[in-house]
Each structure stands twice: as structure tokens, then as C-alpha cells.
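Take the sequences, apply the hints, and build the full model.
Going by my numbering, the sequence shown opens with residue 4, and the numbers climb by one from there.
Mixed in with the good hints, there may be bad ones.
Unchecked claim - The calculated EDC-like cross-link candidates involving lysine to aspartate or glutamate, where the alpha carbons are at most 20 Å apart (straight line), are:
#1 Lys404 / Glu310
#2 Lys215 / Asp158
#3 Lys161 / Asp182
#4 Lys395 / Glu341
#5 Lys272 / Asp182
#6 Lys105 / Glu124
#7 Lys198 / Asp77
#8 Lys80 / Glu310
#9 Lys215 / Glu124
#10 Lys198 / Glu144
#11 Lys198 / Asp143
Quick caveat, the hints were computed from the structure, so don't treat them as lab data.
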Amino acid sequence: MAVASTSCLPQLNVPAAKQVEAAQMASLANQLWGSSSSLVGQKSLLCSRLHGPSHASQKVVMTSDFEKSNPYVDELKKTAAYIAQPGKGILASDESNATTGKRLATVGLENTEANRQAWRELLYSAPGLGNYISGTIMFDETLFQLSRSGEQFVDILKRQGIVPGIKVDTGLQPIDGTDGETATQGLDGLADRCKRYYQQGARFAKWRAVLKVDSDKCPSSTAILENAHGLARYAQIAQANGLVPIVEPEVTLGPGDYSIERTAYISEKVNSHVFRLLNEYNVILEGILLKPNMILPGLDVPTPPPEEVAKYTVRTMLRSIPAAVPGIHFLSGGMSEEEATLNLQALQAYGPTPWSLTFSYGRALQSSTLKIWSGKEEFWKAAQERLVALAKANSEAQLGKYRGPHPSPGGARILQALRLGGAGK
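So, in C-alpha cells, the structure goes:
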């Protein structure tokens, strides 16, 4: 980097002692940073705090080495910005075959590849979905599947302006010596999988880490550090192979009477560790997306109003998420379809924020859609209309313009599903 001027000592009328102190601090800044390209911003910030705004101009003429070495940098940044655009969100449809089978069973359908394929086709081919959805997370099987007419799902999505994405982790494994805490698996062979997914048309990836929270011991430092490392290494590998990494550190909702303040504290702590490691692994923050939980209390505490959820959620993000991240796509975390929309709307009142506050919903877009369809061809169109109506409601909520009524009103948090296996998407 070439810097037009390194002076940050304009002539100000300040006491002599303060001038000496300022000169000492400026000297220290020069010793520590000089004109280093990666730290000149920190130097300028310190100087401005000591003396007020500097009139010296600075011109950046080169990027950092790790950005120059990645041929996908511009594409990563453009893809992340496109997915995070105002008024749009992500359809999370990356449930494993086993999880999809459980969902199909609730409407009396067997867990067969044909039924899974039909369900995905209903989602991806819904007319008008691309008006409100900018990206879709897919499972490995789904990324390579065809529609009934023989068209690849990725092509159906692209035609609607929806970016195909792919889940790349391989699930959770218990961490020895902890109280049922888990770490996410899937780093082995990840680079090769990312190459294959990129060739198939995927342009972003997702890796989910789950941090168990309770009123006392969880999450442990071991679990936080283990999962932060996994997220950072995954993000580094994904970017090296052309995929925008969705970083998902989920402080999972579960049984207990812990407060919303505790969830906020734990989420800030987790996010801070995750971004420290993302920086250490040279992950390009403008080329990632974040998928965190909204801040909610334990399941044995009454459901808080949207305004309270929004207050703690936005405060947590402001305290722990760098402004360079283009978008924060919240998971629906076991909320009902209407609750997820109302909470998303409430977030927009706490602006402006440096990032887009939007959604990456699974159940909150799929639950009533699946019930309407129930595997019956005659309900195909009605189910697609429900999906698009839900997507539209959340699009309006992201813009702060949702007025109701909701396509799927009522409903409480999905307590039974949560108690059986975590908040999920």
C-alpha cells in the first residue's frame, strides 16, 4: 500500500502535557504499525482519537496478499452482496434424507427418493419465488437431482434468480468430557467436495455449528473453541474453492428457564470467538454471510414480545459482528411461521445497521406448505402459493413493511420438535 501522508499531528491548541502524551502515542503508533497496508486503518483511528480528524489523505493502491491469491475474490463478494440484497432471504431446504423423512411422515408419506424429489421440486419451481428468495440451501442429493421434466434443480433455481447453495458439513459428534455438547464434522475431503459442488452450479455453502446453552455450565469453552475453529477452517476452504461460506454458530434453543440476557451474553461470546478465528484464517469477511440465532430465552420462559427479541438481537450483533459482513440471515429457531415474521419485522426498527438483517428460514417457510400438499397432486398449486405467500411476508418484514394478515397465523414455538433435537433451521 502506498500512503500519501503518514502525518497525523495537525496543530491544535492543547495543553503542553497533552501534546507530549499525544506525541508519545503517535510515536508508538509509528513503531507498531509504520505504514503497514494491513494496519494503516488502525493507525488512522488512533490518531483521530488523539487529535481529531486528520486532513491527510490516504490512498490504498493494493490489496492484501491472501485476497490477491484467491481468483474468486470478486465473485465471492458479488455473490454475498446479491444474496443479502434488501427484501430477499434464503430458503433453507438442506435437511438430510433422514430429517426429510421425518417431515414427510407427518403427512403420511414414505421416505423415498421419489417423494423427496417431488417435495423439493414443489419448492423450487413455485412461480414467483425468486421475487422474495435470493438463495436456497440444498442437500447433496438434491443438488444433483432433476425435475419430473428432466431439468436440473439448479437450473430451475437460476432461472428464477435464486442462487443454489449446498450444506457441506457431515453432522454433529459428541465432544468427550462435556455435558452432551457437540462439534461439527466434515473437514476431511471438504476441498474436493467444494470443487464438485461449484462445478454443479452451487455458489455458496453452509456449515452449522451447534452450541448448547443452559442456565449454568453450557456452552463450555471447549465447545466454543472447537466449533469456532471448525467454522473458520470451513470458511477458508469454501472461499478457496469459489463458494461463499454461510457461517452458522447456532446458540441452540432448548429446555430451561435461562433468561434472554443469558442467551445474549453467550451469543456475544460465541460470535466474538468465531470472528477472531475467521480473521486468523484470513477469511474475506465481505465474502461471507452469517446465519445466527435470534436472541430468545429458554423454552420454560414465556415467549417474549418481538420488540424485546429485536432489542437483544440487534444489540448482540452490534457488539460482536464486524461491519464488513454483508448480511445476517437469521434462522427461525423453532419459532412459528408468524412469530418468525413478526420478529424479523421488529429487527428493522433498530436501525440503521451496517448489514442486512434478513432471514434463512426452513420450517418457517415449509411447515404449512407441506401440510397443504400432503403428497397430493391436486394440492400442488395451493402449496406453492402458500410458500410464495410466506416468502413475501418475510420479504416485507425485512423491509419493515409487513402489515399482515399472515398467511399462516397463530402457533407457538415448536416445543416438541425442539425437545427432540434442537432448534434446527
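Results of checking the hints against the structure:
1. At most 20 Å may separate the alpha-carbon atoms for a hinted pair to count; Lys404 and Glu310 meet this at roughly 16 Å.
2. Of the supplied pair hints, the one linking Lys215 and Asp158 is violated, its CA atoms being roughly 38 Å apart against a limit of 20 Å.
3. Among the hinted pairs, Lys161 with Asp182 is inconsistent with the structure: their alpha-carbon atoms are about 43 Å apart, more than 20 Å.
4. Of the pairs offered as hints, the one joining Lys395 and Glu341 holds, with about 12 Å between alpha carbons and a cut-off of 20 Å not exceeded.
5. Distance check on the hinted pair: Lys272 and Asp182 sit about 19 Å apart at the alpha-carbon level, within 20 Å; holds.
6. Distance hint between Lys105 and Glu124 is fulfilled; the C-alpha atoms sit about 18 Å from each other, no more than 20 Å.
7. Restraint check: the Cα-Cα separation between Lys198 and Asp77 comes to about 18 Å, which is no more than 20 Å; the hinted pair holds.
8. Between Lys80 and Glu310 the CA atoms are separated by roughly 32 Å; this puts the pair beyond 20 Å, and the hint is violated.
9. With a CA separation close to 34 Å, the supplied pair Lys215 and Glu124 exceeds the 20 Å bound.
10. Among the hinted pairs, Lys198 with Glu144 is consistent with the structure: their alpha-carbon atoms are about 16 Å apart, no more than 20 Å.
11. Simply put, Lys198 and Asp143 have alpha-carbon atoms about 13 Å apart, close enough for the 20 Å limit, and the pair holds.
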